[in-house]
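Using the sequences provided together with the hints, build the complete structure.
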Amino acid sequence: MTTIEDKYWDDAVVGEACISPPYEVTEARVMAYADLTGDHTPVHTDEAYARTTPFGTRVAHGLFGLSVADGLKTKSDMRFMPGMSLGWEWSFVGPIKLGDTVRVKFHVGTKRESKSRPGWGILVLPSELINQRGEVVQKGEHRVMVPRRSS
Numbered sequence: 069m070t071t072i073e074d075k076y077w078d079d080a081v082v083g084e085a086c087i088s089p090p091y092e093v094t095e096a097r098v099m100a101y102a103d104l105t106g107d108h109t110p111v112h113t114d115e116a117y118a119r120t121t122p123f124g125t126r127v128a129h130g131l132f133g134l135s136v137a138d139g140l141k142t143k144s145d146m147r148f149m150p151g152m153s154l155g156w157e158w159s160f161v162g163p164i165k166l167g168d169t170v171r172v173k174f175h176v177g178t179k180r181e182s183k184s185r186p187g188w189g190i191l192v193l194p195s196e197l198i199n200q201r202g203e204v205v206q207k208g209e210h211r212v213m214v215p216r217r218s219s
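The number in this note's numbering is simply the position in the sequence shown, starting from 1, with 68 added.
Simulated from the structure, these hints should not be mistaken for laboratory data. Every clue listed holds true.
Capping the alpha-carbon separation at 27 Å, the derived lysine-lysine pairs in DSSO-like fashion look like this:
#1 179 with 75
#2 207 with 165
#3 207 with 173
#4 207 with 143
#5 141 with 165
#6 75 with 141
#7 141 with 207
As the structure is a prediction and not an experimental result, all values here were calculated from the model.
Below, the structure is given as structure tokens:
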């Protein structure tokens, strides 16, 4: 088994890309998310109701997809030293259906030194959450502050 070393900001290469391991969207996971967040909207939790919607079946919560995308990055071959999330810009492009298997595909879009925190740098990671058919179901970018090696 290969050990993956977390990268410092200095190690980030603009354009470097990665795709995460797969993640299966199961009924149990969607229901656990509904319980965790308190969002039991029927399109996520009630199959009979969901059949009457344009989706035709239950779909995962939009924020479930974003949460999974964030978690999958930490299981990928391109990981960065623990830092601080500065925010997301994210769009829900298509439904994530129960039974789908998703991956996050991301790359280093830009990097710059932090103006407010010496010893840190900022990365922008454009990302796409894709299903088993290669369809983009969510996309956007994550801004993260990562420690510099030279700090």
